[in-house]
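**Student:** With the hints as your guide, set chain B onto chain A.
Note that the protein sequences, when read in sequence, are chains A and B. Counting from 1, one number per residue, gives the positions in the first sequence under our numbering. Counting from 1001, one number per residue, gives the positions in the second sequence under our numbering.
Simulated from the structure, these hints should not be mistaken for laboratory data. The beta-carbon is built from N, C-alpha and C at its ideal position, and this holds for glycine as well. Careful, some of the hints might be misleading.
What the hints assert, rightly or not - In silico EDC-like pairs for lysine to aspartate or glutamate, Cα to Cα no more than 20 Å straight-line: (1) B/LYS1047 with A/GLU58; (2) A/LYS155 with A/GLU117; (3) B/LYS1047 with B/GLU1075; (4) B/LYS1023 with B/GLU1270; (5) B/LYS1047 with A/GLU191; (6) A/LYS44 with B/GLU1175; (7) A/LYS150 with A/GLU185; (8) B/LYS1047 with A/GLU89; (9) A/LYS144 with A/GLU125; (10) A/LYS176 with A/GLU132; (11) A/LYS155 with A/GLU132; (12) B/LYS1023 with B/GLU1251.
Stated by the list, open to error - To give a feel for the contact side, a few chain A residues facing chain B, derived at Cβ under 10 Å: (13) SER47; (14) GLN49; (15) LEU65; (16) GLU66; (17) ILE91; (18) ALA181; (19) ARG184; (20) GLU185.
Said to hold, decoys possible - Quick look at which bits of chain A chain B covers, simulated, 3 or more residues with Cβ under 8 Å: (21) 50-61; (22) 92-102.
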Amino acid sequence: MQSRLRVMIVDEKAERAALIESGLIEAGCEVVGCLIGQSDLESKVSSLQPDVIVIDMECPDRDTLEDMFRTTLHRQHPTVMFVDRSDSESIRAAVQAGVSAYVVGGLSPERVRPILEVAIARFQEFQTLRRELDDAKSNLEERKVVERAKGILMKRRGMAEDEAFRLLRKMAMDRKIRLAALAREIVAAAEVLL
Amino acid sequence: MKPLRVGFIPLSDCAVLAVAQEKGFFRRHEIEVTLSREVSWANVRDKVATGDLDAAQMLAGMPLAATAGIDPFAEPMVTGLSLGLNGNAITVSTSLWARMQEADADSVMRRPASAVALRRVIDDDRRQRRPMLRFAMVYPFSTHNYELRYWLAAAGIDPDNDVRLSVVPPIRMVEMLGRVAVDGFCVGEPWSSLAVSRGLGRIVATKYDIWNNSPEKVLAVKRRFAEQNPEVHRALLRAVLDAARWADLPENRGEVARILAAEAYIGVPEPVLAATLDGRVVLARDEAPVSIPDFHVFHRYGANVPWISHALWLLVQMLRWGQLTSAPNLMKLARSVYRVDLYRAAALELGVSAPDADLKSEGVHGGPWSLPGTAGPVEMGPDLFFDGREFHPTELASYLMSLQGNLPQRSFEALLEANS
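Next comes chain A alone, as it looks inside the complex (with noise of 0.2 Å):
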């Protein structure tokens, strides 16, 4: 039986790394270390002595790795594997999910492919759940502003509150614009005005 791959995460985000680590754990690998943030990678990597390191694209560090791959690790060209190069549908993958990864030993492709399959699947899993928040955040925004514009209207011109809103909806659909884009000109007009 092989001996079980050493992982090693680099990311500027804790959630993601613990994402990224538990994917890792259940597809059979040891995760030796996860760096969130710092710039001793140097260090890190001789002790710690991964054979692969998946790294966020958005960590500066990756230059520093590379060169290290270069020097210090393998002084052979060319040191550093992007796992295949010849694989270039994952590259492409990995680089849209803003993930790369780093073999250090003469791991054959079909090894390490899984840890990169796992650590992108993660990696847009992440991007998802992000978006999600934001379009969450956003909704509950835009619900708070046309209250408020429903409230001025209700306020102003003593209508009831179905009233106001058929209202407003009327002149979103009038000027073609987004409801909530027209209740926040209408929140801004009477912040003026009042």
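**Tutor:** For chain B alone, coordinates are given in the frame of chain A:
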């Protein structure tokens, strides 16, 4: 067409791209561009290779290394425009500076300070069995790496064995110097000035001192992109060239500093940026600035021409330091990446005079000179090396002879044969 995505790294010499966006040069030349701030050169390389970026600011050696296949995940690249000349500096920690002064008070006061004093410090450390000094640069194929090595080697310091040389991203340099994780570095502005303004280091040599008006960053695209989108590419070059002309004028440098100070670009205090952009370089805190009017050159002196001679010099450095171990025909490689023809076409449309020549002897002009061009003479600046060496691109074989000891004999012979 969807907007072009163009990558940049937060450095003073992203100025031309920032200006092209903020002063409407892209719009004027009818292209829509989204600028993307990148955190590492590896990201720039990978994103251009995958097509996530259409074009990017790159270190002058990067498209050459990528095309030669010596950078990982490398795709053939081309550049039709240089983004400027000079702009870097070598800075040492204040404590190392004190030791250099003690070791050789005369040579350190010369400008550029020679590394002879540094060699004495290194010799002393070796005798006392102290750990090696650590120096940092920003990328293996960076001009910074080659300048630092050139400066060290000129004083007899072996950059691979007498110091520990490693890569540190520009934004981490100042912090690393602050906690003595490095003793010195070579980096683009504003990071040396920032280290100086915090009293952490002293500038010992500027890139201009080491090689007057030397190549620094280029605007690069994948070769395939240039082939498939010739008109879009030309419009991009035209817009950036137009912006470079604007950014180069002394009266606009204040606004350049203001634009770059924004968080979206560099996000460091405006005065730190403004000093070197105005040609005032503060070498050490509490010292009066020295005047280096050509510290940043964005357009004059044929600065935007992707000179074949610059490409050749960079390739020779790659050979010298063992990065390029194959034996390519250097002239052919240089010409396939540095595309003066693309520059000329864009310049012609803009009414900018492009030199008729696409290479020049380096290290031979000590003052202003001029070259015949497509629309009148092109005024050129000095191009001396600090050690007085010359580089004649048409006599490549004889320059390569000086590298004999740096390459395995068989590679050296193959190299000579490929370039004779």
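**Student:** Look at each hint and say if it fits the structure.
**Tutor:** Outcome of the hint check:
Of the pairs offered as hints, the one joining B/LYS1047 and A/GLU58 holds, with about 12 Å between alpha carbons and a cut-off of 20 Å not exceeded. Pair hint A/LYS155 plus A/GLU117 does not hold up; C-alpha atoms about 57 Å apart against a cutoff of 20 Å. Restraint check for B/LYS1047 and B/GLU1075: the C-alpha separation of about 11 Å stays at or below 20 Å, so the hint holds. With a C-alpha separation of about 18 Å, the suggested pairing of B/LYS1023 with B/GLU1270 holds against the 20 Å cut-off.
At most 20 Å may separate the alpha-carbon atoms for a hinted pair to count; B/LYS1047 and A/GLU191 exceed this at roughly 46 Å. Taking the CA atoms of A/LYS44 and B/GLU1175, the gap is near 18 Å; set against the 20 Å cutoff, the hint holds. Using a Cα cut-off of 20 Å, the hinted pair A/LYS150 and A/GLU185 holds, with the two alpha carbons roughly 12 Å apart. Taking the CA atoms of B/LYS1047 and A/GLU89, the gap is near 13 Å; set against the 20 Å cutoff, the hint holds.
With a C-alpha separation of about 29 Å, the suggested pair A/LYS144 and A/GLU125 falls outside the 20 Å cut-off, and the hint is violated. At most 20 Å may separate the alpha-carbon atoms for a hinted pair to count; A/LYS176 and A/GLU132 exceed this at roughly 26 Å. A threshold of 20 Å between alpha carbons decides the hint, and for A/LYS155 with A/GLU132 the separation of about 35 Å lies outside it, so the pair is violated. Restraint check: the Cα-Cα separation between B/LYS1023 and B/GLU1251 comes to about 15 Å, which is no more than 20 Å; the hinted pair holds.
A cut of 10 Å between beta carbons decides the hint on A/SER47: the least distance to chain B is about 16 Å, and the hint is violated. The closest approach between the C-beta of A/GLN49 and any C-beta of chain B is roughly 19 Å, which is over the 10 Å cut-off, so the hint fails. Because the beta carbon of A/LEU65 sits about 8 Å from the nearest beta carbon in chain B, less than 10 Å, this interface hint is met. At about 6 Å, the closest approach between the beta carbon of A/GLU66 and any beta carbon in chain B falls short of 10 Å, and the interface hint on this residue holds.
Evaluation of the A/ILE91 hint against chain B yields a held restraint, the C-beta minimum of about 6 Å falling below 10 Å. A least Cβ separation of about 23 Å between A/ALA181 and chain B goes past the 10 Å threshold, and the interface hint is therefore violated. Residue-level restraint check for A/ARG184 is violated (minimum Cβ-Cβ distance to chain B is 24 Å; threshold 10 Å). Given the 10 Å rule on beta carbons, the hint for A/GLU185 is violated: about 27 Å separates it from the nearest Cβ of chain B.
Note: the region 50-61 of chain A has 5 residues with beta-carbon separation from chain B under 8 Å; the three-residue rule is met and the coverage holds. Given as covered by chain B, the region 92-102 of chain A passes the check, having 4 residues with a CB less than 8 Å from a CB of that chain where 3 are the minimum.
Checked against the numbered hints listed earlier, the structure breaks hints 2, 5, 9, 10, 11, 13, 14, 18, 19 and 20; every other hint is satisfied.
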